[in-house]
Structures are given as structure tokens and as C-alpha cells.
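**Q** These are the residues of each chain, in order.
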Amino acid sequence: MHLKLLIKNGHVIDPANKIDGVMDILVEGEKISKIGFGLDVKAETVIDAAGKIVVPGIVDMHVHLREPGREDKETIFSGTKAAAKGGVTSVLVMPNTLPSLDSVGVIKTLNDIIKKTANVGVFICGAITIGRAGKELADISALKKEGIIAISDDGGSVDSDELMLKAFKEAKREKVLVICHSEDKSLSGKGLVNRGFTSTRLGLRGISKESEYKRVARDIKLAEEIGASVHIAHVSTGESVEIIRKGKLKGVKVTSETAPHYFTLNEEDLLDYNTSMKVNPPLRTKDDVLAIREGLKDGTIDVIASDHAPHTENEKEIEFEHAEFGSIGLETELAVSVTELIGKGLLTWSELVKKISLNPARILDINKGTLGSGKDADITIVSPDKEWVVNKVGFVSKSKNSAFIGKKLKGVVEYAIYKGKVIYKA
Amino acid sequence: MSLKQVFTKEEIERSITRISHEIIENNKGVKELVVVGIRTRGYVLAERIAKGINNLYGTRLDVGALDITFYRDDLSAISEQPVIHNTEIDFDIENKNIVLVDDVLYTGRTIRCALDALIDFGRPRTIQLAVLIDRGHRELPIRADYVGKNIPTSQKELVQVKFQEIDNEDSVTIEETQDDKEENSKMGS
Amino acid sequence: MTKKKTAKWVHKDLLGLEYLSREDIELLLDTAESFREILGRKIKKVPALRGKTVVNLFYEPSTRTRVSFEVAAKRLSADVINIAVESSSVRKGETLNDTGKNIEALKADIIVVRHNCSGAATMLARNVNVSVINAGDGWHEHPTQALLDMFTLRKKTGKLEGLNVSIAGDIAHSRVARSNIWGLTKFGAKVTVCAPKILIPPGIERMGVKVTDNIDEALREADAINILRMQFERDDMKAFPSQLEYFKSFGITEERLKKAKKDIIVMHPGPINRGVEISSEVADGGNSVILEQVTNGIAVRMAVLFWVSQVKDKGTSIP
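Chains as they are written, first to last, in the working numbering: chain L, 1 to 426; chain H, 1001 to 1189; chain V, 2001 to 2319.
No lab work stands behind these hints: they were computed from the structure.
For each residue, glycine too, the CB sits at the ideal point set by N, CA and C.
Don't take each hint at face value.
[Claimed, not checked] Partial selection, computed: residues in chain L whose CB lies under 8 Å from chain V: (1) 17; (2) 75; (3) 187; (4) 191; (5) 195; (6) 196; (7) 200; (8) 203; (9) 204; (10) 272; (11) 319; (12) 320; (13) 321.
[What the hints assert, rightly or not] Computed list of lysine-lysine pairs in DSS-like fashion (alpha-carbon distance at most 30 Å, straight line): (14) L:392 <-> V:2101; (15) L:185 <-> L:169; (16) L:190 <-> V:2197; (17) H:1156 <-> V:2312; (18) V:2190 <-> L:392; (19) L:286 <-> V:2190; (20) V:2008 <-> L:286; (21) L:175 <-> L:246; (22) L:407 <-> V:2101; (23) V:2101 <-> L:400; (24) V:2012 <-> L:407; (25) L:185 <-> L:166; (26) L:419 <-> L:115; (27) L:408 <-> V:2012; (28) L:400 <-> V:2012; (29) V:2044 <-> L:190; (30) V:2042 <-> H:1031; (31) V:2312 <-> L:392; (32) L:392 <-> V:2107; (33) V:2044 <-> H:1031; (34) H:1051 <-> V:2042; (35) H:1162 <-> V:2008.
Take these sequences, add in the hints, and give me the full structure.
**A** Next up, the structure:
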């Protein structure tokens, strides 16, 4: 006999099942057992969700939880706590840990940590090459046996076309997704911010847009050659959006993602050298922000992921040039999306749920992202109109380097439910 | 708020003439005599006094302008930002008899600054002080050698000197203010 | 009281000319005139900053800017403490913020900071309550240098409006160029920048300047030419053929000046590389105001020190 949890009168949005209306959800044990109007069931726990939005738990397919190796920045435990607060119930962790997630041993260790300490579902993205050095392919088949579902050299890109072709071949055979951090470092070099008027104004080395979009074009071309799936991570330029759009039209199996800061902030937000906004790829121009928004609207960009990149204060509260790249995002991604995309009429709730939950679940081929009966009871309940101000003190994450500190946002996560258990309550 | 005139144009002119006489008498002539006025109205008055002496004695006295902003000891206490003017003393003051001129003598702090400033230009033989109005309430041991008129005031009152050259009229008025703190913060001028 | 200037100075810090209004800059230049007069006196000192402490925090070796600030502070009767930090050890040692907070705890009133990283002064100002004056940060800004350039120009020509000013040299990596551009364009001066194409930073036209890689063109209409120091030791400069090559194509020589306006004002922030960006004849010639710039630099820095010290509402975290 499983414990029952009943969510009553919430506005349920589940695009996979074309549900968009006030309904009740009954959870038994880890699974959703029933979804319908006015469910009259006795349950141990009843949540009154009247006036609230009930969605499938967010699937964030791009996070850095830093374990193993940099537990001072974040751990599986702290990172998944932060996820829960942000309504995120599944994450895909990136392999740029210390050591990289490039060997059976380290994946076993990580799986162990996950089993013991994770608060939400943690999926693993292995490295493409050993040490993410771009020289030698990791044993992808062996990593797959340990449970990785994707590969990436995130933080870097494999420069060699030949090696990248091999990676696509392996990935296709092993049925893992290739996620590309598309950056040609021979072009971006020691750059710090978007190359252009702003980099000139700030006196900082620029990162050209070419360094991203030329590599996006290459990655898509190589995937096409092999017929493999490719997912372009953290798209930041209008040119990349256009290249992906054309790839999709051509029938290439390309999907893409962007992060909340790329559809919200632009390079001019850096004019006071705020290192929390120092991210890679860098914040681009206002026109790029518009192009990213267009890409989200027309479906070129399938996914919103946080690129949650925690760093300690020692690594961020220093000279801009020396500060690490990255912003945390797990706890703000939903609210930023609600404020900027739903609030400005760019996406409907149903469309947003696809970007943050259904699409990433499908792309990663995991059994998440919907509220159908028999599915994992990963559910997020949101007060859609409640406003809050992002404050450094409020973060659950070990690190506080958020690009959104001080911003007023709409949308508060009231409950996060993972496999039938309430893991976060506002 | 009330405004009362305490000194008319004619009275101002008479005072200046009298002060000019006194200066000549006191110095037994105009030898080595120079006049330095404190910006802004002290300088206007200095020019008038110099003109008075020139008319009486048929000479051309050197007249300098002194800005004492950088010498003030209350820069961090005053509520308003200082207005900076140039100091223009184009002559040597070494061994000169200087008549230092200001419009109103109050706490004495402006004069203290002016003395510091003057001494940075060299070592005069004497420094004498001429003012149009002495309103009392001294905070430092300073007194004027030449006074146009002594006017007893309360610290709530504001003494306003106007000169044709700047204000398009010659007059001295007293104004009652609400806040005596504000008055205090305006130093002696 | 009638007031000569109604402009109010409200800035706790001086981080760059981009962030100042024309009125702010005018107030600084006018005040510098008063201080310039004081520098001509026998006793070149006033007590305006008596009891205040100015800390020169220099992460880059720079004798001239440091000495200029030191002289300026001393002429104002402030106490001056010089701290030189090896920039190579910066990452290992104390962070800039920690150093700043320590200086604050020593009850200093003003920190004058020179740093090799763009934005360092801005970051420091955000983290301390005392006033911060940017004495040059990376490639970003060097506001007091531009102020002294503008002061010198204004003194020579009477006004900045409509003046044709060319800036030649490594524009891409020059904080002097950026500060001059922000400042001069606010006064309606027409600024042209001249450098080899690889040393023109992207989008610089949007700062309101004309761009050329032809030095003769930059000189033709110019009322003044500001010649930047070329630093061939930079990594980025490896692409450039040679110093001699640069001198041939961009060096300011008497030959080139013959084709310019007769009374063109020749400026250089120093230290000059004779025979690299400027010939000795030009540096020492009648058009050069290079040494006047040095004197004016003191007056301008006195004005900056004076005004930032007048801002009372600094907030305080120190008990």
C-alpha cells in the first residue's frame, strides 16, 4: 500500500498529453496514478493548488555540480537542493569536474555520491575525450554501461574534425547524445566579453561571434555526415540560431538550448564590470537577444537550460579579467522564463513547459517531462504571479554568483515533488 | 521672515570715504600700502576703498583678490559645496602694509583663513583689517581696524550686503531666519 | 551670493570620463585653474586636505603618474602613503578588495589606484566606502591624464568646442585614448584616431570619432595631436614588424608636421619613446607642450582630489 498525495484544483499544464486546465492529480508512491476533474480520494497529503500552476518537474539538461573535485563550489547534495528550490527535478551534470567524467572509475564514484546524496534525479553527461583535452576519445561504450546518457567536452570543444567524426559515430552506435559546447578557441582566445563596441568601451579582450557560430556550423555538418543527433548547448548569437534553423529545415537531427541570461541580458549589462555576468559564451548584443527570443518562439531553440555554473566568491569577487566564467541559474531559471517569456507574451505556459521539461526529457530520452498516469511523480507547483527580488542571501546553492541578483522576478516555486515526495516547500 | 534695511547707499559711500581717510591717517600716507579683498564682496569693497584712497592721495594702489576656499577649516562641515574663485594677487606682498578687506565680520573664521592664505604669499610688514559691517559673535580673537558700522545682531539673523557691481544695488539688510544652524554654517562672510 | 558655477560635484569616486557630464568636467578644469595659480606661488601649498590621507595603490610601475598624484596631494596638505604591489604576485597574494578594505581600516580618505586590469578601479570603488580615483585601469580609462590633456588644450586654445584633435598610436590598448575620446567629445571637439588597422578596436566609431590609418590625414586638419606611447613589449604587438617600421609609417617628425597646421599642439602622455612614435626634434620643438602637460597634471589632480574629498555622503561600514 503506497502513500497517497493529492494535488487539488491546480491549473495543470502537461503539453505531452495536451492538458491545460484546472484538474486534480493523484500520486501513489513514486508514480502518478490518476489525473482528472474533482478526484474524490482520501490521501495522506493534500495540497491545495488553487490559483497555482502545476507542471511536470523541470528537466535542466545543463548544470555543473562540481562534484567530484570542487566541492567548495557545489556538491551533488547542495546543487540538487538548489534545483529543488528552483522547481528542477532532473538535472544532467556536465563532465568538467576534477577529474573529468571520462572514466569508468570516476563515473562509478559519482553514481555512488548521487545514490547517497542527490535530492533530485541526476543524469550524467560523460566526456567526449580523455581529460576533455580533445586528443583521445574516451571509452564511450564503457561509460554508457555505467549509465551516462550523453557526452560533451563542455567548457571546450573538440577542435579536430576527425576526432569529432569518430565521437559522433561512437555516440550514434551507443545511442548517447552529443552535446556541443561550440567554441573555436583559436578565435575566442583570451577574450572576456562579446567583441564589439562594448569590449572596446570596457577595454576588455573580445570574444567574436564567429568563434561560436562557425563551430556550430561545423558541429552540425559533422553530425549530418554521420547521421547522428547533435545538441548545441547555450546558444548565444543570432547567427547560430539561423544556422540551427537551416539545419533543422534540412532534416539534420539537431536540437539546441539557450540559457536564461542569453534571452534576458545583453553585453551592456556588463558596463559596471559585474563579474556575475561574466559567462561563456559571453552576453551578446541586444539584437542577439532578440534573435534568441525569436528562436525560442519558432522552435529553433528547443530547450532552456540554466548552465548553472557555481564559483566561489574568491573566484568571482576579483578583477574582471581574472574572474571565472559562469552564473548560477537553477534557482532562477523558471522565474526568469516566466517573467521574460510568458510575461512578455513570447511563450504560453504550455510552450514554456516544453522548453524546460518535455523537450529536454525527449532529447535525452528519459522518462520525464510529463504528468501522464504511470509516469514518475516529478511535479512542480508554481505561483505564477507572485513577485520576488533575487537576493544573494536567499540562495541554497553553495555559490552566490547569479547574474540576476537584484532583479525583480515573477513566479515562485511553491512545491517541488520528486518521485512522489515533497522535496521542497516554499 | 522679515527684511530690514540697516544701511543705505549713501551711508555705505560715506563709510567707505571715512575708512579711506582712516587708512591714510593710520599709515601716515600710502607708502608700501596694498589692498586685498576677500572674494567676492570683500574684493568689490577693496576696489572701492582703493579708489577712495587714490582719489584722496592721487596714487594708484595695487588691489588683489583672495579666494580662501582652500584654507577653510570647515569644508567638511558646511552643507553647501564651496564655490571656487581665482586668487589674483599680481604683486609682491613682502614687507607691504596690507589692508585686508571683507564685507561682514562675524565669527572671524574667514579672516583667519585669509591670514593663513596671505602669509603663504610672503611676509607682509603689517596686515590691517577693514570691514563694512561688524555684527559681533566672534569665535576667534580677531578685531577690525576699520569698521563701517557696528550692527548688533542675533545669530538667527542673516546680514546681507549688496553692491552695485554684483547685485545692481548698494544696501545692507538684516533678515530673520528660522534656522540658526544654517546661519552658523555660513561662516563669517 | 551670486555663484560662479552652479555645478554640483556628487561623485564619491573618479572612475572614468565616460561617467562624468560636461559640467562635471568643466568644474574640474575650472578648479584646476585655481590650483594652477597656486603652483605659481612661492609657497605652493594650501591646507584644503589637511588631516586627510591619500593612499597611492599602484599595481603597475608608473613613476610619473604616482609622483604627480603625490605632489598634488602634498600641495593640498594631505598625508600621502605609497603602496606598490608586484602585479605578478597579485593572484597569489591578497585580493584587491581585501587590500582596499585594509587601507580603509587604516582610515585613509582617498585611494588612488593604478591597475593592469580594466575595471579594477570600478570594482574597488564598489567594495570600499572611501573615495577611489582611477589612475589608469588596464585599457579602460585614465581620466586624470585626459583631464590634464584637455586642460592643456583649453589653456592653449581658449576652448575645446570645435577643436580638431587627433590621437595617434596603439588605440586598441590605450586607456589614455579612451578617456580623451569620452572627455573631448562631450565638449564637441572633433576627434580622429589614427593607428595601424590591427590596433583599432572594434566599434570605436560609436564613441563619436573618425578613424584613419594614415597619419598624414590625421595631421592635416588637426589643431592638436596627442601621441600615445607605443609598447612593443606587449604580446599583441608581436604581429607588428618593427619599431623602425612604425616610425616610418606613423612617427611624428618635423617633415610630417610641415604639412600640418603651423601652430599644431603636440602632446604626449609620456614617457616618450624618442625615435619610435615621435622624433626628438618634435618632442623638444616649439609645438610641443609635453612638459606643460606635466605641470598641468598636478593642478588637475589637485582639483580631482579636492572635489572627491568634498563628497560627504560616502556611507560608512567602519565603526
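**Q** Any hints from earlier that this structure breaks? Give me their numbers in increasing order, please.
**A** Hints 1, 2, 3, 4, 18, 20 and 29 contradicted; others consistent.
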